[in-house]
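Model the placement of chain B on the given structure of chain A, informed by the hints.
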Amino acid sequence: MPVLDVKGLKKTFGKFKALDGVDFEVRKGEVFGFIGPNGAGKSTTIRVLLGLLKRDGGTATIFDQDVWSDAVAIHRKIAYVPGDVNLWPNLTGGEVIDLFASIQGDVNVKLREELIVKFDLDTSKKCRTYSKGNRQKVALVAAFASNAELFILDEPTSGLDPLMERVFQQCVEEVKAAGKSVLLSSHILSEVERLCDRVGIIRSGVIVETGTLAELRHLTRTNLYVELNSPATDIGQLPGVHELVEAGEGWKFQVDGEKLDAVMSYLSPYGIRRLESAPPTLEDLFMQHYGDVTGRAEAGDS
Amino acid sequence: MGSSMAGSARLTRFIVRRDLFRLFLWVMSISVVTLAVPLAFQELYPSQKQRDVMAETMRNPAMTAMVGPGDLENYTLGAMTTHQMLLLTAVAVALMNILLAVRFTRAEEEAGMTEMIRSLSVDRRSPLLSAVTVLLGVNAVLAFFLWIGLTSLRIEGIESFGALLYGGTLGGVGLFFGGVTVVCAQLLESARGATSLAMSVLVGSYVIQSSGNVTESVMIWLSPFGWVTSVQPFSDNNGWPIVFLIVSGLVLGSVAGILQGKRDLGSGFIHQKRGRSHASVFLKTPLALVLRLQRTGISIWAIGMLILGLSYGSILGDLESFFEGNELLANMLAGNSDRPVAEQFLPMLMLVMAFIATIPGILALHKLLGEEKKGRVDSVLGRSVSKTRLLGVYVLVAVMNGVVMNSLAAAGLWVAGRSVMAEPLTSASVFGASAVLLPAIAVMIGVSCLIVGIAPRWSSLVWLYIVYSFITLYLGSLFHVPEWAAKLSPFGWVSEWPSESINWIAEGSLLATAAVLVVIGVFGYRKRDIL
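Protein chains in written order, with our numbering: chain A, 62 to 363; chain B, 11 to 541.
Everything labelled a hint here was simulated from the structure, so no lab data went into it.
Heads up, a few of these hints could be off.
[What the hints assert, rightly or not] A few chain A residues facing chain B, derived, Cβ under 8 Å:
1. L113
2. L114
3. K115
4. Q126
5. D127
6. A132
7. P143
8. G155
9. F161
10. I164
11. V168
12. V170
Glycine included, every Cβ here is placed at the ideal spot set by N, Cα and C.
So that you can see chain A by itself, here it is in the shape it has in the complex (with noise of 0.2 Å):
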């Protein structure tokens, strides 16, 4: 049974379709790393996932409530860091942080202190003064001092630096040792590769790949960097191969998985003198969900 559970999910503004059927479900003791542009739909997701925006289609469910219906239960047991921490500027961090604890009722003390510890924030300042990445530091401290089962973290680390970030996922790795779920949208490819079990990319509203980054890379493009004794020109008249560039003494470009055997078979007549292989990057299977603006133009052009 999933923690969390998305069916068909739609949500129009007027006539904009923000969300068009989106399906993604959340497993107890997992990191769903949610991933997707800005505009995307990835807010929009989980501000119907809180309750705050009214679905117009399809099943939405936390803990196997209703997101909408079931709002307050649900946020009982759950943690939310926003996008854009917005704060009370004439309230000091540690009053939030505090305040927050109240309204929630269930807060580990102990842990709360450490966290600030480790986050590095000075809780007696006033919200007015902290920059964007000392609000979003408050809204961790609170929501990882939490008793949560879910975590849903809408790109948390976007103010934070290198050191910060750092802390951040190891908080993600202890809540998710505890058997938490976290629910990490993020644009930050590099985090999700490290963090997440399974990743969704979203795409205008509609989730066009989910599963662990192991199932996606098998889907997808390898990268390859061959040099060759004699040249051969026709590299990139290949079927499945693509972004072929000059380097060095050799060639940089990706294969499609199921071509890599009839690319291998035409290049080895020319002599393999290097051969390197990469698996696909998170970002490279982002670029390939994404890239397909500029892929239709060059199909166009030919």
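Frame of chain A; chain B shown alone:
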């Protein structure tokens, strides 16, 4: 001087060009009000006899505390303008200078603009010097406009020399507070802090002036507003205090210059005190949060309503003579004429105060929309707080605001009335006349809740409804507005206690209506998206 002023002429022109419209608005609105008042007085009190009646109603400590002393023995149009307007206008001019001075100095520094300016070939003190120059110019232009404007009204009792002193006093007090503020901007590290400190000086000066003038003590010389009230243009024509104002303003400006030379960019001399690292035991619930966020606003409104009540109460003693002298106002009294005038007048005063008390209630409720727009409700609703509870808390605070503000105004009126009336109004009639209006205030808050819940974009429509109510009811008796038009407003159903008996059915129905509106509003809020 040379290099110590480098770039300041250029910066001065830059400030003027950037803020020309803002400066124009300030100077124009203060000038227009100042010139309109003597014209209105001329209309309202054309004969000396009528003005003497007015002078009598002014002869009480509450009025002296509020507007300072005046030449009540020889209450010409000029003396009247000085008495009733000069001090209050001086407060407005002081406010203008505080806001402008902070804007030109600390606000720029805080926003990082000064850093870029200072990286150019500009002296450390130049931004300050140009700020002071602009303030000097604005106050001089204001004084000049007032002098020329008042003189050209050609009203009897408003002669050119008096007009010069009138303008000079306002310009002088403006420069004084400009000086105070640039010093505050040196001392504190934030624009907000500097504004608050300068505002406290303003409020403190006003209070010293009030008690000094009421007790006729030398204390008034401790306050710039005391200096303002001792000029008395159009009667005593005592110009010396203006010189004090201008000289002190310039001295304060120089002090700011010295301080500026001694400090780092972005720093101050008084460090902002550190806030609490933990929430106090009170800050635990959404209700506590809302009260905490609104406490400054609530306190200011509370003081304002009390002062409003006190000032209305202070005129009750001279009401009889006042109404005999003014047919226009006498027509506004509807009740039966064998009751004392004060008692007949009471429902109308209470109505005005109830309208004003509605405003902070509605504002408190509208804060929820502000929170929504700034994305801060997500943090509350994302935790275990339901939408019903959140809106409920705001409605509760709004209703409390309405009740407290309305009652404070009534309390002020009652206290001041007791001290000036030979036969004071009973507390039952004062607080009764105030309390009968509470259900109508509740309906207004209900309407506002309905709009906030269902169509937040139209939230300001409620103001239109309040203005409509005010026009039909307050001015209705003058313009013979039909009965049904007044009944479209909740205030139209309230009986005029104590001259009429209380209509309990109407009061009950108003409360029920308010409750239904709130319920529909909450229902709508639960159904709608949080933007």
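Evaluated hints:
1. Hint status for L113 of chain A relative to chain B: holds, with the closest Cβ pair at about 4 Å, below 8 Å.
2. Restraint check, L114 of chain A versus chain B: the minimum CB separation of about 5 Å is within 8 Å; hint holds.
3. Hint on K115 of chain A holds. Least Cβ distance to chain B is approximately 6 Å, under the 8 Å limit.
4. Annotation: interface hint on Q126 of chain A violated; nearest CB of chain B at approximately 13 Å, more than 8 Å.
5. For D127 of chain A, the interface hint is violated, since its Cβ never comes within 8 Å of a Cβ in chain B; the closest pair sits about 14 Å apart.
6. Interface restraint check for A132 of chain A: the shortest CB-CB distance to chain B comes to about 7 Å, inside 8 Å, so the restraint holds.
7. The closest approach between the C-beta of P143 of chain A and any C-beta of chain B is roughly 5 Å, which is under the 8 Å cut-off, so the hint is satisfied.
8. For G155 of chain A, the shortest C-beta to C-beta distance to chain B is roughly 4 Å, which falls under 8 Å, so the interface hint holds.
9. A distance limit of 8 Å between C-beta atoms decides the matter here; for F161 of chain A the minimum to chain B is near 6 Å, and the interface restraint holds.
10. With its C-beta approaching chain B no nearer than about 5 Å, I164 of chain A sits inside the 8 Å limit, and its interface hint holds.
11. Interface restraint check for V168 of chain A: the shortest CB-CB distance to chain B comes to about 11 Å, outside 8 Å, so the restraint is violated.
12. Hint status for V170 of chain A relative to chain B: violated, with the closest Cβ pair at about 10 Å, above 8 Å.
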